[in-house]
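Trainee: Protein chains in written order, with the working numbering: chain A, 75 to 734; chain B, 11 to 194; chain C, 211 to 386.
Be aware that a few hints might be false.
[Said to hold, decoys possible] 25 Å max Cα-Cα, derived BS3-like pairs, lysine-lysine:
no.: 1; chain 1: C; residue 1: K212; chain 2: C; residue 2: K376
no.: 2; chain 1: C; residue 1: K212; chain 2: A; residue 2: K456
no.: 3; chain 1: A; residue 1: K409; chain 2: C; residue 2: K212
no.: 4; chain 1: C; residue 1: K252; chain 2: B; residue 2: K89
Quick caveat, the hints were computed from the structure, so don't treat them as lab data. For clarity, every value in this text was computed on a predicted model and none was experimentally measured.
Listed below are the residues making up each chain.
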Amino acid sequence: MIPELGHFLLWLALGVSAVLGTLPLVGAGRNRADWMALARPSAAILFALVALAFVCLALAFVGNDFSVLYVATNSNRSLPTHYRFAAVWGGHEGSMLLWTLMLAVWTVAVARFSAHLPDKVMARILAVMGWLSFGFLLFMLMTSNPFDRLVPTPANGRDLNPLLQDPGMVIHPPMLYMGYVGLSVAFSFAVAALIGGNLDATWARWTRPWTTAAWIFLTIGIALGSGWAYYELGWGGWWFWDPVENASFMPWLVATALIHSLAVTEKRNSFKSWTVLLAILAFSLSLLGTFLVRSGVLSSVHAFATDPRRGLFILAFLVIVIGASLALYAWRAPKVGIGARFALLSRETLLLGNNVLLVVACGAVLLGTLYPLALDALGMGKISVGPPYFDTVFVPLLTPLIFLMGIGPLARWKEAELPDLASRLKWAAGAAVVATLLTIWLRGGIGSVGVVGLLMAFWIVGSIATDLFERLRPVGGVRTGLLHRARLIPRSIAGMQLAHLGVAVFILGVTLVKTGEIERDVRMQPGDTTTIGDLVFTFSGVREVAGPNYRAMQGTISVTDKGRPVVTLHPEKRHYPATQSTMTEAAIEAGLTRDLYVSLGEPVDGGAWIVRVYVKPFVDWIWGGCLVMALGGLLAASDRRYRVKVRRTAEATTSVASAA
Amino acid sequence: MPETLSRAIVALLLALCAAQVVAKEAAPEAADPALEARMTRITAELRCLVCQNQTIADSNAGLAVDLRRETRELLRQGKSDEEIVAYMTARYGDFVLYRPPLKPTTALLWFGPAAMLLLGGTVLLLVLRRRTRLAADAFEPDEEGEDLGERGDPAASAAASAAGPATGSATGSATGPATGIARP
Amino acid sequence: MKRFWFLIPLAAFLALAVMLAVGLKLDPREVPSPLIDKPAPKFALQRLDDAARTIRLDDMRGKVWMLNVWASWCVACREEHPLLVEFAKKRVVPLYGLNYKDQREDAKGWLARFGNPYDASLFDDEGRVGIDFGVYGVPETFVIDQNGVIRLKHIGPLTPDVIATKIEPLLKKLDA
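The following block holds chain A by itself, in its conformation from the complex:
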């Protein structure tokens, strides 16, 4: 009964999304206030319907309704309740429902927080989002219905993939999807602006907080995925340039470029058509990612069960959505004005340099990810493109970007002077060199790539410090308090500095762990020890433990530092009978300056085990840096300037309109 209800709700939602997509859009073109007024309530109804459908599926999972095919393939009676709920998005069909739910959430959020938008703009934006919902709902109902029944009903399900039975894996998809889908807001703003023909700085101001919000979620989602891989997969890696990882990274790169480009458009009314293109591109990459993961076109650990028919549908959807928006762009964008003037050296150009580098980086990742497919499609053989390629190609692109990151925030809008910038930044440069040398001396050497990494990170820190110093020092002869001057710094600026600091922390983490991590692969009998520096790891043997739906061999390893006990670690080798799979659970002692990472390999004769021991310096700074970046974004998005100004502008426009 409940699954049928859920199915029915999805059909209703399909209808509502079609209404949302049509009437407000036509109404905006024909100036029909009553049709435009349908947009907000339709969005709310759409959200309610999709949310209820989601609840129906969740109930089926939590209630162990194995008569639903999707539940039977992704859940099991012995699965703990919270994982039964998470299993809703453990497979293709349910994750599509989650995606659609997120889209409905963003749609209703835009409807809710769009009071300052002119009715026509609001109507068009919501209509575009309505069409996106329509597409995904249609896809689900035609090819990926999560509510399909399974007859005869099995007594028990096949179980959720053990890799997914983990808190990190539970929260990673929702965060990621919030990010992916959130970029549809910027996309819809862009398409609505192209349709309406009114692209200006105000448009950029409206779009900016939404884009930042999506970017925050995407940052957290990617960081969670990476962190999960690190502690779950058992060999300490955290990024593999896997096609699906790349599929999430590409929209992130373009979204970052978009945030910076929106700054130029908002402040200086410039490069509007470029910003619009980026907005279209960002969401297009989200859609492309969806395609790559579910179509079977690329082989990846992350790929869902593949089905070329589904792939064809998504591809058709892609062609319609992206093709139409790019065609609209080609038609309308040439008419858009070129904005205000600025010099060859100015903050604007530095931001554009940022854009070029980010977009080229995205292009490089796209090239590497799709090249094997391209060669195969042309019949020119089969190759693999993996980390050696991406690492070689990506780092040289990152370096100039970081260099610019240090200069941009200090450069003036419209026209900046090189000697002035150089003299202000010389302290930052000097400090970066000194800090790098100091770190090398403390560490006792580092490779050339490590030097570059350290210089980059410290350069950013130096630049931020310079900026802060300039803002916080007393101006003229006025005696204002330090705190007062600090409060004067706009949140968008503080957010930017925090986010850039996050990047520096991230780079430090990557550099220090890649150049300094130590690995030992040893065969250990109970009682054996292995030593890394001052740390001694003692293996005490393995015993059997039972979990809710698994049996495990649990090892015990005690660690001492200069003789003093630090921690006892319990890595496990888990066997899940329902899926007949074995998982390696690493044991990690996380620390601010280093992680101790231990995992069990295979048992060997004589009661011994192969044990992998790692010391990973500063590895948590990688995800810490991502968190700081996200916090910076949050701070920036909460800047009241946008909302205050927008309200004032809206009031000004209405007062002008009423005066006319």
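Use these hints to put chains B and C onto chain A, whose structure you have.
Mentor: Frame of chain A; chains B and C shown alone:
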């Protein structure tokens, strides 16, 4: 009771001593760590064909274990890194390499990013140069004052101007297209 | 003229879409063999049924023959086995098995249970010859010509379609 207890303690102590005698620094899995490191470095760039998304260094598949063993033997025979890679590609093709070989078919792959950067940079420069040559009226009016120049939102800049004329002039000079604008 | 530049994103996207559409028909996991039209790797292996006797690659010179890689632990091999038994009855070409990473007794028992289509099976318990042939999944089937050159490799279980459309035409061509 005390007798059995003390006997138990003695037995425990003896067992512990025996354990101490046996416990030692664990032997590395491989006989030769330097060779092992080389093997790991080479196989970390090779794709495991069974699982297809792990390296031969990391995979526990039967074929991966066999190929790691082969690699160790080839290294012991004195083969170079390139010869071992050639051994693998002769049997499994270029697909097994995570670092795509530089060939006419992969030239676009390897030089693509640099070419894109060059293209992007050139386009940017050309567009910027063209902009500087345009007449002033081709541009749209500068939305200044409110949007730029002040150090914070209008409420704060009001407070700043209340604090004294010096700050006020610093922000006040923000208008005017010819001069550089103070950073917000 | 200006409009031209603005059409580039659309054009690039459509080209990408075409490529992705083609990609839907391909299998990203299939690995083509670099050994096609190259000499088969030399080997000398014990017979499965008689450890005292050895079969070498050179023993096969002068005739077209097929090599089928199988193992008793391989589930997919059971799928193709009846086909092989039928095919062997026709005595088109000699069919040899490569028993890959198996136990001798398990392998012999498996053949006794499911039928033995092979003229003989070679015992490759360590899988070294398999590696030389580029074997990465079981079952795999090779067609090797009179000069010891590999002419065909099929990955996965044989199907009547593959035998009819790929193998039999090739065998006819080689014998002629």
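Trainee: Indicate, hint by hint, whether the structure satisfies it.
Mentor: A quick look at each hint next to the structure:
1. For the suggested pair C/K212 and C/K376, the alpha carbons sit about 53 Å apart, so the restraint of at most 25 Å is broken.
2. A threshold of 25 Å between alpha carbons decides the hint, and for C/K212 with A/K456 the separation of about 39 Å lies outside it, so the pair is violated.
3. Restraint check for A/K409 and C/K212: satisfied, since their Cα atoms lie roughly 10 Å apart, inside the 25 Å limit.
4. A distance of roughly 20 Å separates the Cα atoms of C/K252 and B/K89; the hinted pair therefore holds under the 25 Å criterion.
In summary, the structure is inconsistent with hints 1 and 2 from the numbered list given earlier, while agreeing with the others.
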